[in-house]
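Undergrad: Go ahead and model the full structure; you've got the sequences and the hints to work with.
The lines below spell out each chain.
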Amino acid sequence: MRTEEETMKLITNRFLDCNVKKLRPQNLEAKVPESITIDILSHLKSHGYSHLATISCVDWIDDNEFELAYHLFSYEDRINITIQTRIDREKAKYITAKELWPVAQFYERDIHDFFGVEFEGNDNLEELILENWNHTPPMRKDFDTRKFVNEQYEWRDYHEQENAD
Amino acid sequence: MNKKMQTEIFFGPNFPGVPGNYGISYNFQGDTVVEAEPNAGHLHRGFEKLMEQRIWIKNTALVCRICVMEPDINEMAYAMGFEAIGNLEIPERAKYIRSIILELARIQAHLFSIGGNCGAIGLYTASHTGTLARDYLLDLFEEITGGRVYHIYNRPGGVRKDISDETFQKILDTIDELEKERMPEFDHLIFENPVAQKRWKNIAVLSQEKALEMGVTGPAIRATGLPYDVRKLMPYAAYDKVNFEVPTGSNGDAWDRLVIKRDEIFQSINIIRQLIKNIPDGPVNLDLGNGLKYKVPAGSAYVKIESARGEFGYYMVSDGGLKPYRVHVRGSSNPVGLYGVVAELPGTRIEDVPVWAHSLDVCPPEFDR
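Residue numbers (our numbering), protein chains in the order written: chain D, 1 to 165; chain F, 1 to 369.
A portion of the hints provided could be inaccurate.
Pairwise CB distance ranges, derived in the manner of DEER restraints [said to hold, decoys possible]: (1) S250(F) / N150(D): 37 to 45 Å; (2) D39(D) / P13(F): 21 to 29 Å; (3) E76(D) / D319(F): 32 to 40 Å; (4) H135(D) / E35(F): 30 to 38 Å; (5) N13(D) / R349(F): 45 to 53 Å; (6) T136(D) / I55(F): 42 to 50 Å; (7) T125(F) / F143(D): 47 to 55 Å; (8) T136(D) / L322(F): 18 to 26 Å; (9) N150(D) / H188(F): 44 to 52 Å; (10) S46(D) / G122(F): 45 to 53 Å; (11) V149(D) / T125(F): 42 to 50 Å; (12) S46(D) / S207(F): 18 to 26 Å.
Keep in mind that the hints were calculated from the coordinates and are not lab data.
Every residue gets a Cβ at the ideal spot worked out from N, C-alpha and C, and that includes glycine.
TA: Written out as structure tokens, the structure reads:
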């Protein structure tokens, strides 16, 4: 069983340019460069961090970047690590984690639906939740729900009900 | 295999064996599934987008609607995320009350789930009995929080109001009755029923390797023999102050999962008794000032708690503003409901599909947020 500090060393000893910090007991957060994220995931997986809870995506529109967050957990160490990586927002493309966790293909499909991020190597990125969507991906920050509704639907006028009695 | 011999069937949301607003497209060879593809999206309500547009406190009333069966779990995870980013330590009494509420919520979810499993094999009497037993707990929730299904009770910083000693007594009476009267009834009707056993044993088997690889949690992973429970692995609320066991199975089939749920009801009853006996006095929430002006420092947190179905996670990001920057919900049945259908369902017989879906607790609202 490793402590938080030992787990931090597990990453930083091998991957020098990672910023790992302890948020709370049993919770770590690692900001890692895009180029080595998959290597780190695979390294951690082979050291007991085999539970991938989910993959999250955050739209940092001001930085013109998407953040992908992989939530890993080790049942032996009882430590949760969030691996955060930033990718370019214009060319939203990343590598799939499907080879490491087959279940990731569905998390990636979900992110593709809602953020429009492509995952290289994931051959099935068909629409999962949405259907026939040809607008901006809805979870992006520049997608305005109110504007979308006004464009797509007509407002009905409100009339007092006549002859109510 | 001869393609001509295959039949395509779509099990839509109206199909009796599908757990909720969700569809699965199948290819059957005879009565065995050859291919299956989940068809989600029937229930999408855009909760995550909505949360970004509402101030922190308003989301408390929203998150509980994500999953009908687990309203308290969602409220709790949201509140825990808020407290984790803001580095808040809630009062001791609030922690105990939260645990009591979460255990009551676990019992009601398990009762409903056992009832649902019986419905899946045609034992409708038991599904009504389950719903009836659950209703007594909903009465308690109404008394404690004012709401039967959605409680809006766990708010950031603690709980909304205190529980009186009379209400604690009522909780104890209700769980006593559940233990002494309702559960033996269930045992006679379901767990000692050879016909029901035959429909669950060695059906919908999920191996330990597969469960670990898929990231399955909750009763489904415990049925394969691994005592993994977030309450023990990463204790939250007051779970580090109570003694309880984590029931496990050995075969990983539908029967083991059901027996685990039954045993967990008894464990929860035991936990509630310990908590009510040892509950400290004091305030039940932190004073965070004006609710409309809550601000959370910039940062992010992934919090997880053990729901009746497994790990329920919230990834919350704040940019220091009045509204959450991003909230991502990880439902406990996400891996089985989507990937599991593609990877695990082929080879199952048509009549076992509802048993598979119900015993693995596929809950569409969790991935159709």
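Undergrad: Now look at each hint and say whether the structure bears it out.
TA: Each hint, compared with the structure:
1. At about 58 Å, the beta-carbon gap between S250(F) and N150(D) misses the expected band of 37 to 45 Å.
2. Take D39(D) and P13(F): their Cβ atoms lie about 42 Å apart, and the range 21 to 29 Å is violated.
3. A hinted range of 32 to 40 Å for the beta carbons of E76(D) and D319(F) is consistent with their spacing of about 35 Å.
4. Separated by about 31 Å at the C-beta atoms, H135(D) and E35(F) satisfy the suggested range of 30 to 38 Å.
5. The given range of 45 to 53 Å is respected by N13(D) and R349(F), whose C-beta atoms sit roughly 51 Å from each other.
6. Under the hint 42 to 50 Å, the C-beta atoms of T136(D) and I55(F), about 24 Å apart, miss the expected range.
7. Distance hint for T125(F) and F143(D): a CB-CB separation of about 49 Å, consistent with the stated range 47 to 55 Å.
8. At about 24 Å, the beta-carbon gap between T136(D) and L322(F) stays in the expected band of 18 to 26 Å.
9. Look at N150(D) against H188(F): about 59 Å separates their beta carbons, and that is not inside 44 to 52 Å.
10. The hint said 45 to 53 Å for the Cβ distance between S46(D) and G122(F), and at roughly 46 Å that hint holds.
11. The supplied range of 42 to 50 Å is met by V149(D) and T125(F), whose beta-carbon atoms lie about 46 Å from each other.
12. For the hinted restraint 18 to 26 Å between S46(D) and S207(F), the CB-CB distance of approximately 21 Å keeps it satisfied.
In summary, the numbered hints that this structure violates are 1, 2, 6, 9.
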